[in-house]
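2 protein chains.
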Amino acid sequence: MINVGFLTYLEDRLIKVDQKMMSRSAGYHPDLTSAFEHLMTSGGKRIRPIVTLLMGSLLDAEEEKLISLSASIEMLHTATLVHDDLIDGALLRRGNPTLNSHWTPAATVLTGDHIFAQAALLAAELDNSEAMRLFAKTLSIIVNGEISQLFGRSHLPTRDDYYRRIYEKTGSLFALSARAAALISPADRKYIQPAEEYGKEIGKAFQIVDDVLDFTGDQVRVGKPVGNDLRQGTPTLPAIYYGEQFPEDEVLLACLDGSATNSDADELIQRINQSGVIEKTLDEARECAENAVHKLGDFPESREKDSLEKLGMYIIDRDL
Amino acid sequence: MINVGFLTYLEDRLIKVDQKMMSRSAGYHPDLTSAFEHLMTSGGKRIRPIVTLLMGSLLDAEEEKLISLSASIEMLHTATLVHDDLIDGALLRRGNPTLNSHWTPAATVLTGDHIFAQAALLAAELDNSEAMRLFAKTLSIIVNGEISQLFGRSHLPTRDDYYRRIYEKTGSLFALSARAAALISPADRKYIQPAEEYGKEIGKAFQIVDDVLDFTGDQVRVGKPVGNDLRQGTPTLPAIYYGEQFPEDEVLLACLDGSATNSDADELIQRINQSGVIEKTLDEARECAENAVHKLGDFPESREKDSLEKLGMYIIDRDL
Numbered sequence: 070m071i072n073v074g075f076l077t078y079l080e081d082r083l084i085k086v087d088q089k090m091m092s093r094s095a096g097y098h099p100d101l102t103s104a105f106e107h108l109m110t111s112g113g114k115r116i117r118p119i120v121t122l123l124m125g126s127l128l129d130a131e132e133e134k135l136i137s138l139s140a141s142i143e144m145l146h147t148a149t150l151v152h153d154d155l156i157d158g159a160l161l162r163r164g165n166p167t168l169n170s171h172w173t174p175a176a177t178v179l180t181g182d183h184i185f186a187q188a189a190l191l192a193a194e195l196d197n198s199e200a201m202r203l204f205a206k207t208l209s210i211i212v213n214g215e216i217s218q219l220f221g222r223s224h225l226p227t228r229d230d231y232y233r234r235i236y237e238k239t240g241s242l243f244a245l246s247a248r249a250a251a252l253i254s255p256a257d258r259k260y261i262q263p264a265e266e267y268g269k270e271i272g273k274a275f276q277i278v279d280d281v282l283d284f285t286g287d288q289v290r291v292g293k294p295v296g297n298d299l300r301q302g303t304p305t306l307p308a309i310y311y312g313e314q315f316p317e318d319e320v321l322l323a324c325l326d327g328s329a330t331n332s333d334a335d336e337l338i339q340r341i342n343q344s345g346v347i348e349k350t351l352d353e354a355r356e357c358a359e360n361a362v363h364k365l366g367d368f369p370e371s372r373e374k375d376s377l378e379k380l381g382m383y384i385i386d387r388d389l
Numbered sequence: 070m071i072n073v074g075f076l077t078y079l080e081d082r083l084i085k086v087d088q089k090m091m092s093r094s095a096g097y098h099p100d101l102t103s104a105f106e107h108l109m110t111s112g113g114k115r116i117r118p119i120v121t122l123l124m125g126s127l128l129d130a131e132e133e134k135l136i137s138l139s140a141s142i143e144m145l146h147t148a149t150l151v152h153d154d155l156i157d158g159a160l161l162r163r164g165n166p167t168l169n170s171h172w173t174p175a176a177t178v179l180t181g182d183h184i185f186a187q188a189a190l191l192a193a194e195l196d197n198s199e200a201m202r203l204f205a206k207t208l209s210i211i212v213n214g215e216i217s218q219l220f221g222r223s224h225l226p227t228r229d230d231y232y233r234r235i236y237e238k239t240g241s242l243f244a245l246s247a248r249a250a251a252l253i254s255p256a257d258r259k260y261i262q263p264a265e266e267y268g269k270e271i272g273k274a275f276q277i278v279d280d281v282l283d284f285t286g287d288q289v290r291v292g293k294p295v296g297n298d299l300r301q302g303t304p305t306l307p308a309i310y311y312g313e314q315f316p317e318d319e320v321l322l323a324c325l326d327g328s329a330t331n332s333d334a335d336e337l338i339q340r341i342n343q344s345g346v347i348e349k350t351l352d353e354a355r356e357c358a359e360n361a362v363h364k365l366g367d368f369p370e371s372r373e374k375d376s377l378e379k380l381g382m383y384i385i386d387r388d389l
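First to last, the sequence lines map onto chains A and B.
Each residue of the first sequence is one higher than the one before, counting from 70 in the numbering used here.
Each residue of the second sequence is one higher than the one before, counting from 70 in the numbering used here.
Careful, some of the hints might be misleading.
Remember, identical chains collapse to one label, so a pair may be satisfied in a single copy or spanning two.
[Claimed, not checked] Quick list of in silico lysine to any residue cross-link-like pairs, SDA-like style, CA-CA up to 20 Å:
id, residue 1, residue 2
1, K206, Y97
2, K206, G96
3, K206, A95
4, K206, T102
It is worth saying that the hints were derived from the structure and are not from the lab.
These figures come from a predicted structure and were not determined experimentally.
Given these sequences and hints, build the entire structure.
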């Protein structure tokens with residue numbers, strides 16, 4: 070699941086996280102168990118567990134608790150993806166068929182609910198009220214983000230709209246990954262807020278890069294169709310920058326008002342790739358990664374701190 | 070919402086429970102807020118909050134906490150109903166159109182998720198790890214029950230299958246309502262287990278009566294089509310008793326294997342009503358209500374204990 074040198078020492082613990090997740094599918098209906106195992110083994114990068122494990126180890130949290138917390142957060146993430154794919158009608162995720170593509174909506178809704186329930190149970194077993202509240206709060210932020218997107222109007226969002234949306238969608242869960250790790254550690258409480266801010270910035274960088282890959286990647290490597298967001302009517306940062314430069318661009322306007330054909334979308338993707346906004350967008354992701362490093366200024370020096378610092382650049386270089 | 074003499078002293082607190090639920094819809098997208106408010110005001114009997122308020126007051130729990138707990142449990146209940154209606158394709162609930170009947174599946178899934186997130190947040194704010202674990206555990210039991218039902222084969226269930234299913238669907242939430250009230254109270258821990266068992270028995274009585282009403286009620290009073298469970302391929306206790314007496318009944322078999330027409334189902338409902346199994350089923354609900362009363366044997370005498378004892382009979386007589 071991870072093939073970068075500076076993280077190999079996490080491998081054993083990441084395997085334990087996977088085992089912990091798998092253990093939550095035992096004893097249920099066989100169809101549910103197999104759907105669950107399929108979802109849990111289909112290529113997630115485990116980037117949120119990596120943040121939790123690194124931040125928690127840096128702050129001397131118990132390994133057992135960190136593994137439960139990591140599993141809980143990765144399952145919360147997976148549950149929201151399952152419902153999300155149903156809502157979008159997405160057929161591919163991480164290059165694999167979604168549950169939604171071969172199950173009924175009923176089975177998909179319930180599988181998401183089940184994974185969510187197991188995630189909540191794992192979080193509750195940590196016996197840390199503050200972490201549990203944060204877990205519930207994060208779920209509510211993610212769902213509210215999805216609702217705003219569903220009911221949102223089709224216009225070109227501002228950069229602030231975009232930042233809010235990616236915080237709801239991604240940053241909040243990275244913030245949970247880092248903050249909850251600090252909450253369950255015995256370390257001084259002064260680390261809690263910077264840990265959260267680190268998570269937020271890393272999550273922001275991660276999502277910006279994900280949105281760039283939607284323009285620059287190919288279907289095989291990204292695991293979903295190129296320009297998917299744009300075709301779904303969700304302009305991301307490259308399109309927003311492009312729209313600031315060319316507010317009257319007719320293919321952009323067609324994509325926004327839903328009148329675009331597939332070849333309009335192809336044309337827009339090409340124009341965005343050639344306009345220089347991709348590099349500008351990546352600069353912004355780099356800035357977030359640097360901000361994340363600054364948040365760690367007061368943290369004790371250690372191998373984990375070093376890895377957390379490298380993580381931002383790894384995220385940015387991952388598939389580009 | 071309640072119009073029975075022995076419960077009128079709860080009215081102020083039940084209003085506060087409603088206000089607490091409503092307060093959780095503020096600040097979100099207007100369409101979500103209005104769907105949420107519609108759901109929360111469409112005729113729920115608030116029987117779970119009644120159990121929580123009575124049990125908690127009997128054991129001297131703080132009113133503020135009991136109101137949050139009641140709101141949290143009623144919202145958890147509502148969230149599962151929203152997803153349930155989507156899964157069943159139900160168009161009516163409590164005599165009102167379901168969300169599902171006029172919203173897209175996407176909006177329905179997300180509204181359920183939102184209500185669920187708010188319920189989890191309220192539960193987490195109680196700052197009681199044991200209650201939180203029980204809350205998550207109960208969600209997992211309910212979802213697992215729905216999954217078993219979705220994937221279940223169409224044969225006549227045994228009485229044990231039926232009891233397991235209604236525990237998963239209803240009893241577990243009543244058990245949570247009573248046990249969590251005991252958990253957040255300052256009373257001796259010896260009351261926790263009997264409180265849970267009280268909830269379980271009352272929930273069982275409640276669901277059995279609900280299943281009887283599906284045969285004996287009319288659509289206007291019950292709020293959904295008569296014989297709905299049978300038409301959906303879910304035989305409940307009256308049909309199970311009937312099947313034990315008449316295992317070769319051809320309309321029963323047709324309803325079980327999915328080949329029944331609407332008039333077959335009408336015919337079966339009539340046969341069940343005339344066979345005497347309804348009275349036998351109600352006897353069983355009465356027995357559960359008596360069991361519930363026995364569980365309260367060691368509890369201190371008070372108006373609340375008195376009301377908890379009467380609740381079973383009220384449930385049984387409610388609409389018959």
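Evaluated hints:
| no. | hint | verdict |
| --- | --- | --- |
| 1 | K206 x Y97 | between (28 Å within a copy, 14 Å between copies) |
| 2 | K206 x G96 | between (29 Å within a copy, 14 Å between copies) |
| 3 | K206 x A95 | between (28 Å within a copy, 15 Å between copies) |
| 4 | K206 x T102 | between (28 Å within a copy, 18 Å between copies) |
In terms of the numbered hints stated before, the structure departs from none.
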